[in-house]
Amino acid sequence: MAFGTYKEVVSARATDKAIQKVAQDGGIVTALLTYALEENIIEGAVVAGNTEDAWKPEPTIAMTADEIIAAAGTKYTFSPNLLAFKTAVRQYGIEKLGTVGTPCQVQGIRKMQSYPFATRFLADKISLLIGIFCMENFPRASLQTFIEGKLDSQFDLTEKMDIGKGKFWIETPEGTKGLALKETHGYEQAGCNICQDYVAELADVSTGSVGSPDGWSTVFSRTDAGADIFTAAVEAGVIETKAMDDVKPGLGLLEKLENGKKSKGKDECARRAEMGLPTPW
Amino acid sequence: MSDRKVISPTSRQEGHAELVMEIDDEGIVTKGRYFSITPVRGLEKMVTGKAPETAPVLCQRICGVCPVPHTLASVEAMDDSLGIEIPRAAELMRELIISASNLNSHAIHHFLIATDFVPDELFKTAVNSVETIRKNAQYVVDMCAGEGIHPSDIRIGGVANNLSELARRKLYARLSALVPVVDNHIELICNLVADGALVKDVDGTLLSDEREVIPKGLGAIDAPVFASDRIYGKRDFFDLDRFTEIVPEAWYDDPEIGKRCCTSVPLYDGLAVETGPRARADAFFNYKEKGVVAQHVARAREMRMYLSRAIAILDELDTSAATLADFDPRGTGKLGIGVIEAPRGTDIHMAQVKDGKTQFYSALVPTTWNIPTMGPATEGFHYKWGAHVIRAYDPCLSCATHVMVVDDEDKVS
Ligand SMILES: Cc1cc2nc3c(=O)[nH]c(=O)nc-3n(C[C@H](O)[C@H](O)[C@H](O)COP(=O)(O)OP(=O)(O)OC[C@H]3O[C@@H](n4cnc5c(N)ncnc54)[C@H](O)[C@@H]3O)c2cc1C
Ligand code: SF4
Numbered sequence: 001m002a003f004g005t006y007k008e009v010v011s012a013r014a015t016d017k018a019i020q021k022v023a024q025d026g027g028i029v030t031a032l033l034t035y036a037l038e039e040n041i042i043e044g045a046v047v048a049g050n051t052e053d054a055w056k057p058e059p060t061i062a063m064t065a066d067e068i069i070a071a072a073g074t075k076y077t078f079s080p081n082l083l084a085f086k087t088a089v090r091q092y093g094i095e096k097l098g099t100v101g102t103p104c105q106v107q108g109i110r111k112m113q114s115y116p117f118a119t120r121f122l123a124d125k126i127s128l129l130i131g132i133f134c135m136e137n138f139p140r141a142s143l144q145t146f147i148e149g150k151l152d153s154q155f156d157l158t159e160k161m162d163i164g165k166g167k168f169w170i171e172t173p174e175g176t177k178g179l180a181l182k183e184t185h186g187y188e189q190a191g192c193n194i195c196q197d198y199v200a201e202l203a204d205v206s207t208g209s210v211g212s213p214d215g216w217s218t219v220f221s222r223t224d225a226g227a228d229i230f231t232a233a234v235e236a237g238v239i240e241t242k243a244m245d246d247v248k249p250g251l252g253l254l255e256k257l258e259n260g261k262k263s264k265g266k267d268e269c270a271r272r273a274e275m276g277l278p279t280p281w
Numbered sequence: 001m002s003d004r005k006v007i008s009p010t011s012r013q014e015g016h017a018e019l020v021m022e023i024d025d026e027g028i029v030t031k032g033r034y035f036s037i038t039p040v041r042g043l044e045k046m047v048t049g050k051a052p053e054t055a056p057v058l059c060q061r062i063c064g065v066c067p068v069p070h071t072l073a074s075v076e077a078m079d080d081s082l083g084i085e086i087p088r089a090a091e092l093m094r095e096l097i098i099s100a101s102n103l104n105s106h107a108i109h110h111f112l113i114a115t116d117f118v119p120d121e122l123f124k125t126a127v128n129s130v131e132t133i134r135k136n137a138q139y140v141v142d143m144c145a146g147e148g149i150h151p152s153d154i155r156i157g158g159v160a161n162n163l164s165e166l167a168r169r170k171l172y173a174r175l176s177a178l179v180p181v182v183d184n185h186i187e188l189i190c191n192l193v194a195d196g197a198l199v200k201d202v203d204g205t206l207l208s209d210e211r212e213v214i215p216k217g218l219g220a221i222d223a224p225v226f227a228s229d230r231i232y233g234k235r236d237f238f239d240l241d242r243f244t245e246i247v248p249e250a251w252y253d254d255p256e257i258g259k260r261c262c263t264s265v266p267l268y269d270g271l272a273v274e275t276g277p278r279a280r281a282d283a284f285f286n287y288k289e290k291g292v293v294a295q296h297v298a299r300a301r302e303m304r305m306y307l308s309r310a311i312a313i314l315d316e317l318d319t320s321a322a323t324l325a326d327f328d329p330r331g332t333g334k335l336g337i338g339v340i341e342a343p344r345g346t347d348i349h350m351a352q353v354k355d356g357k358t359q360f361y362s363a364l365v366p367t368t369w370n371i372p373t374m375g376p377a378t379e380g381f382h383y384k385w386g387a388h389v390i391r392a393y394d395p396c397l398s399c400a401t402h403v404m405v406v407d408d409e410d411k412v413s
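Chains as they are written, first to last, in the working numbering: chain A, 1 to 281; chain B, 1 to 413.
Hint data in this document are derived by calculation from the structure and do not stem from the laboratory.
There may be inaccurate statements among the hints.
[Said to hold, decoys possible] Simulated restraints on C-beta separations:
no., chain 1, residue 1, chain 2, residue 2, range
1, A, M1, B, Y172, 47 to 53 Å
2, B, K288, A, R120, 30 to 36 Å
3, B, E91, A, A118, 27 to 33 Å
4, B, P39, A, N40, 47 to 53 Å
[Said to hold, decoys possible] Away from chain A, derived, C-beta distances all over 10 Å, residues of chain B:
no., residue
5, R12
6, A167
7, A250
8, Y287
None of the values given here were measured: they were computed from a predicted structure.
Heads up, the beta-carbon is just placed ideally off N, CA and C, and yes, glycines get one too.
Here chain A stands alone, though its shape is the one from the complex (with noise of 0.2 Å):
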């Protein structure tokens, strides 16, 4: 089955204009973690904060909406989430936990979830886990190449990144700017070549634009826990949702996309294998 597990797909958005001001698409992983902690389904959640230093998120212990909101929006390098959980639960105190990370640290939870070597009193503490899409995701150089070497413009400045339309896009004081993808090939980490789950397939709630009309999330609701938080937030007006039918480009691009990295992961995990190289798959 396409997708992996899910109980229902919809394309959605969050209703509140703070929220759609600062998210990537839908604002529907901020929308869902602030709703939680009010409902306090979760105490806290790990996000991928901002630094002081221009794109360098750093795996961040959001106790407040305000500082979930402040974490909002997409950064294409990695942010290596699971490193703050033990904080987080133990000196931040936090026993229901949300947070939020690529379909590999989704598995990487899961995997610490059944296996719990290390984890002690953690991974049973984890309440919402909300994956994004992923198709790759590049070093903080690579990113500093496309935006300074490629499309001459300053790394500092750049107010917003995004993939999409078959580009890379950077939006600046001024203005946008667009790289095509194929260029950006080559500068993603390793790993991602051999990845073969696109649309986080163990999550709670897995989000990602690709799917949905601008501004608008395509959101699977996959277990238990993660159907009944998000029937919640949209039955308390905090996301608003609409028919996958109804919206444009809808699933069938996203399955394409979907198969497309299945299908090349697993090229490359053959090859990798024939050099006998070791895979995880």
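Please build the complex by placing chain B with the ligands on the supplied structure of chain A, with the hints as guidance.
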């Protein structure tokens, strides 16, 4: 005619030890010898020559029951050697950690003695009570020290992190709710100990189905008490000049035991001492009862003191304050001393750092002090009580067994 009764290994304690009792015709112990047969592991040697930060990480592995006190004693010794003054919030966090850890450890001991004292109809109550206390106490250690076992966040210079306000409030609420549980628990334990224990022969055969009241004076010994503080531990208490350590061959008047014993015998002012909960109660609260019952009572009562102190600290702790001091890890070669009051007594670590490396390390741990005291404490009573005497002192042999330097040429035996 004299006979020998041997319990090997003595049971329901951490590590392995042997109790050899010489008895008269009536079965009364005329000579008791208790000694460790837990093999030496030599952690002090492993940390020598390494960066000072290695010591607390390795030395907490001395024991799975008391990783927290050993880590604290280790960082205290390092702080002293490196001349570090830790921030006030770190002092409070460390004291909070030891209070919770000792509360947990005393509750564990009640598991160990449960089959002696707890009748079937109360077993579930007792186990639930121990479990509730342990769960909450270990939660405090988890939060403040990073891990309940092998704490990652007790550091040279303080502790890695302060608590968040949420964590502080949670712990405060949970420990406050624990007060009646601990009060009831203490009452339960003290009553059960007063009611008496099941007694067994040295091979484990039950001698009677009825519990027997613990004889007055059982386990009492006339040794000086060794205790540095009510709760945390005081560095100034320990005077190295008053300390001597002798080889077991010279202490046990049985060459075979001397040879098999795995620990040296520490003396203070030339005497074997008593350390642990009763010793602390004696030194700081003028509690003069002695022996098995007194050990159990003092240990149970300490639980309330630890809990009250933990709650008071949580009330006082400024969660925005720094908890880690900056320090220069190079060191001057000063001999640093760390003294912690562990559940089973005074835990002393000594460390010397120079040129950024640990030059010397030594741990004088609680049960080592009590080993020469516990054997004689079995004397004068029927041997069937021997195991009860030992358990009342709650020995923990895994930490008691250490490398010792027997001459100046660095020969290790
Ligand atoms: C490397 C990367 C590649 C992606 N590729 C695709 C793609 O091919 N197709 C697609 O549809 N969507 C992709 N996304 C997801 C997309 O960019 C949005 O993050 C997603 O739609 C959520 O938007 P939102 O408005 O709901 O989230 P927001 O409300 O803006 O919140 C985003 C949340 O994600 C967290 N976050 C940001 N960056 C990271 C990171 N690097 N690691 C972990 N957490 C992070 C933030 O802390 C924030 O909490 C990708 C995301 C990343 C990080
Ligand atoms: S492509 Fe796969 S491996 Fe790479 S960041 Fe995304 S989820 Fe992780």
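**Prompt:** Minimum Cβ separation between R12 (chain B) and chain A greater than 10 Å?
**Reply:** The claim holds: R12 (chain B) sits with its nearest Cβ about 25 Å from chain A, beyond 10 Å.
**Prompt:** Far enough from chain A: is every CB of that chain over 10 Å from the CB of A167 (chain B)?
**Reply:** violated, 3 Å
**Asked** Given a hinted range of 47 to 53 Å, is it respected by the beta-carbon distance of M1 (chain A) and Y172 (chain B)?
**Response** Between M1 (chain A) and Y172 (chain B), where Cβ atoms are some 49 Å apart, the hint holds.
**Distance restraint hint 30 to 36 Å, applied to the beta-carbon atoms of K288 (chain B) and R120 (chain A)** = violated, 42 Å
**Message:** Taking 47 to 53 Å as the stated bounds, is the beta-carbon spacing between P39 (chain B) and N40 (chain A) within them?
**Reply:** Holds, at about 52 Å.
**Request:** Would you assess whether Y287 (chain B), listed as outside the interface, keeps its beta-carbon beyond 10 Å of every beta-carbon in chain A?
**Result:** holds, 36 Å
**Prompt:** Holds or violated: 27 to 33 Å for the Cβ distance of E91 (chain B) and A118 (chain A)?
**Reply:** Between E91 (chain B) and A118 (chain A), where Cβ atoms are some 29 Å apart, the hint holds.
**Request:** Measuring Cβ to Cβ, find out whether A250 (chain B) lies farther than 10 Å from everything in chain A.
**Result:** holds, 44 Å
Comparing the model with each earlier hint shows violations of hints 2, 6; every other hint is respected.
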